[in-house]
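If you're matching them up, the sequences are chains D and B in order.
Residue numbers -13 to 100, in the working numbering, belong to the letters of the first sequence in order.
Residue numbers 435 to 546, in the working numbering, belong to the letters of the second sequence in order.
Don't read these hints as lab results, they were simulated from the structure.
Honestly, I wouldn't trust all of these hints.
As the list claims (entries may be wrong) - Straight-line distance between alpha carbons at most 27 Å, and here's what the computed DSSO-like set of lysine-lysine pairs gives:
| hint | chain 1 | residue 1 | chain 2 | residue 2 |
| --- | --- | --- | --- | --- |
| 1 | B | K533 | B | K451 |
| 2 | B | K475 | B | K533 |
| 3 | D | K43 | B | K533 |
| 4 | D | K(-3) | B | K475 |
| 5 | D | K43 | B | K437 |
| 6 | D | K43 | B | K475 |
Stated by the list, open to error - These stretches of chain D come out as covered by chain B in the derived footprint (C-beta under 8 Å, 3 or more residues):
| hint | stretch |
| --- | --- |
| 7 | 20 to 29 |
| 8 | 80 to 94 |
We treat Cβ as the ideally placed atom computed from N, Cα and C, and that holds for glycine.
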Amino acid sequence: DTGVSQDPRHKITKRGQNVTFRCDPISEHNRLYWYRQTLGQGPEFLTYFQNEAQLEKSRLLSDRFSAERPKGSFSTLEIQRTEQGDSAMYLCASSSGWGANVLTFGAGSRLTVL
Amino acid sequence: ELKVEQNPLFLSMQEGKNYTIYCNYSTTSDRLYWYRQDPGKSLESLFVLLSNGAVKQEGRLMASLDTKARLSTLHITAAVHDLSATYFCAVDPPSGTYKYIFGTGTRLKVLA
Chain D
-13 DTGVSQDPRH
-3 KITKRGQNVT
7 FRCDPISEHN
17 RLYWYRQTLG
27 QGPEFLTYFQ
37 NEAQLEKSRL
47 LSDRFSAERP
57 KGSFSTLEIQ
67 RTEQGDSAMY
77 LCASSSGWGA
87 NVLTFGAGSR
97 LTVL
Chain B
435 ELKVEQNPLF
445 LSMQEGKNYT
455 IYCNYSTTSD
465 RLYWYRQDPG
475 KSLESLFVLL
485 SNGAVKQEGR
495 LMASLDTKAR
505 LSTLHITAAV
515 HDLSATYFCA
525 VDPPSGTYKY
535 IFGTGTRLKV
545 LA
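Construct the entire structure; sequences and hints are all you get.
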């Protein structure tokens, strides 16, 4: 298993454009999480999935953000009409959903909005 | 709403010294996790603490959990330069949703 994969690793976009990030979790993990991390801060919860069901979404997440996990495998996080405040590292993590349920993180997708 | 606080936020220490990082959280939880993050890298799991009084050790790091005090500690023994990183604790809220809340992190720099 290659771990959690995220793509692209870096994205530079202009304000107002839409961006989409993809996450491929560890294959046997049925839970998938999205977090956002800004410089000097801890990861901030955005949303998570149990299989294909989106079970929780942060109140901090505006309507411009949407996430999907079709068929319970990979997930996408789309940001519409990007703003400079969206610049951050977007982290994906997956977990087994049982036992200690340790999150395994991907390398992240860094977004820069100009 | 669950809040997780770490202190200190920054820690500069000499090699060979001992120090402790503290993680306080605001509501009941029996699950606490410690992660390490190197600059420009993602988070790596260090410890999982699943019950009151749990203690885990790996090399020069030892983590403990006191659920009654809502406190976890990460103790560093005889620090070495390779331990320089940012350390985060994360707590699973009591509702059992597995929505982990992370602390702000402790940035550790070990000076040779």
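The hints, checked one at a time:
Our distance criterion of 27 Å between C-alpha atoms is broken by B/K533 and B/K451, whose separation comes to about 35 Å. Simply put, B/K475 and B/K533 have alpha-carbon atoms about 22 Å apart, close enough for the 27 Å limit, and the pair holds. A distance of roughly 10 Å separates the Cα atoms of D/K43 and B/K533; the hinted pair therefore holds under the 27 Å criterion. For the given pair, D/K(-3) sits about 16 Å from B/K475 by alpha-carbon distance, which is consistent with the 27 Å threshold.
Proposed proximity of D/K43 and B/K437 is supported: the alpha carbons are some 17 Å apart, at most 27 Å. Note on D/K43 and B/K475: the hinted pairing holds, with a Cα-Cα distance of about 25 Å set against a maximum of 27 Å. Counting residues of the stretch 20 to 29 of chain D whose beta carbon lies closer than 8 Å to any beta carbon of chain B gives 5, which meets the minimum of three for the stated coverage. Against chain B, the stretch 80 to 94 of chain D contributes 11 residues with a C-beta closer than 8 Å to a partner C-beta. That satisfies the three-residue criterion, and the hint holds.
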